[in-house]
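A.B. asks: Listed here are the chains, written in short residue letters.
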Amino acid sequence: MITLTSSDGETFKVDEVVAVKMQTIEHMMEDGCAETAIPVPNVTGKILAKAIDFIKKHVETTKKEELRAWDADFIKVDQATLYDLLMAANYLDIKGLLDLTCQRVADMIKGKSVEEIREIFNIENDFTPEEEKEIRKANQWAFE
Amino acid sequence: MNLDVLPQDCISHIISCTSPRDACRSAMVSARARRAGDSDSVWERFLPADYKQILSRLVSPLVFSSKKELYFKLCNPLLIDEGKKSFSISKATGKKRYMLSARDLSVTWSSNALYWSWKPLLQSSAAELRTICWLEIQGKIKTNMLSPNTTYEAYLVVKFANRAYGLDSLPSEISLVVGNYESHGIVYLRYPDSNKMFSMKEERIPCKREDGWVEIELGEFYNDDGGDDEEVKMSLREVKGHHLKGGLIIEGIEIRPKD
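If you read the protein sequences in the order shown, they are chains V and D.
Numbering-wise, the first sequence is residues 0 to 143 according to numbering that gives the first Met the number 0.
Numbering-wise, the second sequence is residues 0 to 258 according to numbering that gives the first Met the number 0.
The shape of chain D in the complex, shown without the other chains (with noise of 0.2 Å):
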C-alpha cells in the first residue's frame, strides 16, 4: 500500500503522532513526506500548548520563520521572567525545563553581604556564600508551569569553592513537597569522590555536570494533567550544627523531565 495516496494534511496528521526526531527522520523519506513533516502543524503539535505565553514572557523576542524553527531555538535555555529563570524544552519529547536563578529562590541571610555575595553568572548572578551558621535555600515552581503527566526531577546546581568548609561536616536536609505529595533525604555537601561507594537509603549524592558544576537531587515527582494549581516546594537547610560553613556557590534549582 502506498502511503502516497492519502493526502498531504493526513501525512502530516500521522506524523504529528510519532515524535519530533521521527517528524525530522521523515523529511529524508520523499519530497512529498518532507513537506508534510516539516508544516507548522506537525511542530505545533510537538510545541508546548501554551508556547506563546512562554514567547511573551521571554526578556529577548525570538525570531522564527517556521514552528519547527521555533521548537530547535526553544532547546537552548532562554532567559524569561525578567532574567529570574531560564527555560527550554527537552529535544526528545518537547517537555518543559526550568532553572531557577540563585536570584528566584529564597536564600536565609542572603542579603546580608556578611554572609552572602552575589557575583554575575551568565546573564543572572551566583551566590557565594562567605560564612554562616544557618543554610537554608528554598524554591518554588507553580506545577501549572511544567507539561502534564510528567515525572520531573528537582536538582540544585552548586559548586564548591577550594576554600569551602564546614559544609560536609554534618548531612544537610533536603525535602521536596507538592500537594499531598512529600519526599525527604539527605546530601553530605562536598565534590563528588568516586571513591564513595557505600550509602545511607535517603542518601543523595551529588554529581558532576557536564557544564563543571555539581548537581544534588531535591526530590522527584509526578505533574499531572495539571488541573490544580498547586506549587512545588524544595529545599536544603543545614540548621542543626552550629559551626561555620562557607565556600558553596548557588547557580540555582533547575527542574527537568526525568529521562
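Only chain V is shown next, with the shape it has when bound in the complex (with noise of 0.2 Å):
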C-alpha cells in the first residue's frame, strides 16, 4: 500500500498497481521514495479523490463499452474541477485522466469561433490589429 497525502492534508492508502499508473509516483517507488507518505502538493484531497477513482475504475473494469460510459459520467463537472483534473492528471501523469480531460476541454473549442473560444475561457486578446491582421491571412483556410 502506498501512502498519498493531499496539498489540505487528506490522506490517501492505495495498492500499489493502482499508484503506479500515476507515473510520477511510480518514479518515486522506482526511486525508494515510498516508504513513508508521498506528498502530493499541487492537489487537493477533492480531486486526488477523484483520480484515485478513476484510475480504480480503470484497474478494475476491461470492458471497453463500460469504461466509455463510466468515463462519460465521470467527466461531466464544472470547469473549475476539469482544470483541477487536468492539472493533476497532467502533474501525476495519468494518460487515461489527461486524455479525457483534454478531449472534454477540446470538445468545448471545437468550431467555435475565435470570440466565442475567448469568451468561454477568460483569455484576452493580445495581439494588435496588425498582428491579427497577418495571422488571420496566414490561416486564411480555417476561416472560409
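Just so you know, not all the hints are guaranteed correct.
When the alpha-carbon atoms are kept at most 30 Å apart in a straight line, the in silico DSSO-like pairs for lysine-lysine are as follows [claimed, not checked]:
{"#": "1", "chain 1": "V", "residue 1": "LYS63", "chain 2": "V", "residue 2": "LYS109"}
{"#": "2", "chain 1": "D", "residue 1": "LYS51", "chain 2": "V", "residue 2": "LYS109"}
{"#": "3", "chain 1": "D", "residue 1": "LYS72", "chain 2": "V", "residue 2": "LYS132"}
{"#": "4", "chain 1": "V", "residue 1": "LYS136", "chain 2": "D", "residue 2": "LYS51"}
{"#": "5", "chain 1": "D", "residue 1": "LYS200", "chain 2": "V", "residue 2": "LYS94"}
{"#": "6", "chain 1": "V", "residue 1": "LYS136", "chain 2": "D", "residue 2": "LYS72"}
{"#": "7", "chain 1": "V", "residue 1": "LYS109", "chain 2": "D", "residue 2": "LYS72"}
{"#": "8", "chain 1": "V", "residue 1": "LYS94", "chain 2": "V", "residue 2": "LYS109"}
{"#": "9", "chain 1": "V", "residue 1": "LYS111", "chain 2": "D", "residue 2": "LYS90"}
{"#": "10", "chain 1": "D", "residue 1": "LYS90", "chain 2": "D", "residue 2": "LYS141"}
{"#": "11", "chain 1": "D", "residue 1": "LYS200", "chain 2": "D", "residue 2": "LYS141"}
{"#": "12", "chain 1": "V", "residue 1": "LYS111", "chain 2": "D", "residue 2": "LYS94"}
{"#": "13", "chain 1": "V", "residue 1": "LYS136", "chain 2": "D", "residue 2": "LYS66"}
{"#": "14", "chain 1": "V", "residue 1": "LYS132", "chain 2": "D", "residue 2": "LYS51"}
{"#": "15", "chain 1": "V", "residue 1": "LYS94", "chain 2": "D", "residue 2": "LYS94"}
Partner residues are not named here, just some residues of chain D that face chain V (Cβ under 7 Å, in silico) [to be verified]:
{"#": "16", "residue": "ASN1"}
{"#": "17", "residue": "LEU2"}
{"#": "18", "residue": "GLN7"}
{"#": "19", "residue": "CYS16"}
{"#": "20", "residue": "THR17"}
{"#": "21", "residue": "CYS23"}
{"#": "22", "residue": "ARG24"}
{"#": "23", "residue": "MET27"}
{"#": "24", "residue": "VAL28"}
{"#": "25", "residue": "SER29"}
{"#": "26", "residue": "LEU113"}
{"#": "27", "residue": "TYR164"}
One side only, chain V facing chain D, incomplete, derived with CB under 7 Å [said to hold, decoys possible]:
{"#": "28", "residue": "ASN89"}
{"#": "29", "residue": "VAL104"}
{"#": "30", "residue": "ALA105"}
{"#": "31", "residue": "VAL113"}
{"#": "32", "residue": "ARG117"}
{"#": "33", "residue": "ASN138"}
Just so you know, the hints here were simulated from the structure itself, not pulled from any lab data.
Virtual Cβ for every residue (Gly too), placed ideally from N, Cα, C.
Please assemble the complex out of the two chains, which come individually in their own frames, going by the hints.
C.D. replies: What follows is the structure, given as C-alpha cells:
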C-alpha cells in the first residue's frame, strides 16, 4: 500500500497497482522514496480522490463499452473541477485521465469562433490589429 | 476559469484533440494559444501516422520548417512511388488520398499501339483508347496505404475525346472488391448529360470534376484499423459487346475519403 497526502492534508492509502498508474508516483517508488507518505502538494484531497477513483475503475474494468459510459459520466463536472483534474493528471502523469480531460476541453473549443473561445476561457486578446490581420491571412483557410 | 493557468504543453494537448481547422483558429485567440496551436506536437498528431515513410517515397523531397508547414504542403498532390501515383491529404481531416496514374493501372492491351496510345499528362501519362473491342481497366491498392477507420470512395477519372464512339452502346460493368466485401454496378460511358433524370438501381452516373475531367464511381468501402494486409481491387470492363469503341482517355483512379 502506498500513502499519498494531498495539499490540504488528506491522506489516501492506495494499492500499488493503482499507484503505478500515476507515472510520477511510480518513478518515486522506483527511486525508493515511497517508504513514508508521499506528499502531493499540487492536488487537493477532493481532486486526488477523483483521480484515484478514475484509476481504480480503469484497473478493475476491461469492458470498453462500460468504461466509455463511466468516463462520460465521470467527466460531467464544472469547469473549475475539470481544470483541476486536468492539471492533476498532468502533474501526476496519469495518461488516461489526461486524455479524457483534454478531450473534454477540446470538445468545448471545436467549431467555435475565435471570440467564443476567448469568452468561454476568459482569454484576453493580446494581439495588435496588425498582428491579427497577419495571422488571419496566414490561417485564411480556417475562416472560409 | 482561465485557460491561461494551464501549462503550454497541456494547451497543445487540448488543441491536438480538436481539428486542423480549430488549431488554425486557435492561432488567433492569443499569443500563448498561438504558440501552443502552432507547435509541432499538435500538427504531428494531425499528420498521417506513417508520414515519415510517405516522405521517403516522394519523387521530390519536401522542405519544411515545421510540422504545420508540412501538413499544408501535403494537402497538394505530390508524385510518389516513382511517379506511378500521386499522394495528398484532405485538409480538414489529414486523411490520405491517392491518384493511381494510368501507368499504375492494368489496362488490357494498353501496350499495343494499335489499341491504346499514351499521351503525356502533367508529370505522368494518360492512356487514350484508339479502338478496341475488349475494354478492361483494373487498379489495386493495399488497404494499409490508406487511413484507418475511414470510408473511402474510388473513382475512375476520364475524358471523352471529340471522336469518342461506341463507348455507351452497352453499359460497362464496375466492381470493387476488398476482403469479403464486394460491390458491383454499371455505367454508360458518356459525357454527363444534365438532362438525364432516371437511372437504374446500380447505375453510376459520370460526374464532371472541377479540373475538367469526368469521374465515375467504382465503389466505396470502409477501411477499418488496417490490421489485415488486404488489397482493394477496382475494375471497369465492357467486354460483352463485340463492337469497336474508342476515344476514352484515362487519367487514373482516385481513392479519396468520403465527405
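A.B. asks: Against each hint, give a clear statement of whether it holds in the structure.
C.D. replies: Hint by hint, here is what the structure shows:
no.	hint	result
1	V:LYS63 - V:LYS109	25 Å, holds
2	D:LYS51 - V:LYS109	28 Å, holds
3	D:LYS72 - V:LYS132	22 Å, holds
4	V:LYS136 - D:LYS51	29 Å, holds
5	D:LYS200 - V:LYS94	50 Å, violated
6	V:LYS136 - D:LYS72	17 Å, holds
7	V:LYS109 - D:LYS72	24 Å, holds
8	V:LYS94 - V:LYS109	22 Å, holds
9	V:LYS111 - D:LYS90	18 Å, holds
10	D:LYS90 - D:LYS141	22 Å, holds
11	D:LYS200 - D:LYS141	29 Å, holds
12	V:LYS111 - D:LYS94	22 Å, holds
13	V:LYS136 - D:LYS66	19 Å, holds
14	V:LYS132 - D:LYS51	34 Å, violated
15	V:LYS94 - D:LYS94	25 Å, holds
16	ASN1	5 Å, holds
17	LEU2	4 Å, holds
18	GLN7	11 Å, violated
19	CYS16	4 Å, holds
20	THR17	5 Å, holds
21	CYS23	3 Å, holds
22	ARG24	5 Å, holds
23	MET27	5 Å, holds
24	VAL28	5 Å, holds
25	SER29	5 Å, holds
26	LEU113	48 Å, violated
27	TYR164	43 Å, violated
28	ASN89	5 Å, holds
29	VAL104	5 Å, holds
30	ALA105	4 Å, holds
31	VAL113	5 Å, holds
32	ARG117	6 Å, holds
33	ASN138	4 Å, holds
Checked against the numbered hints given earlier, this structure breaks hints 5, 14, 18, 26 and 27; the rest are met.
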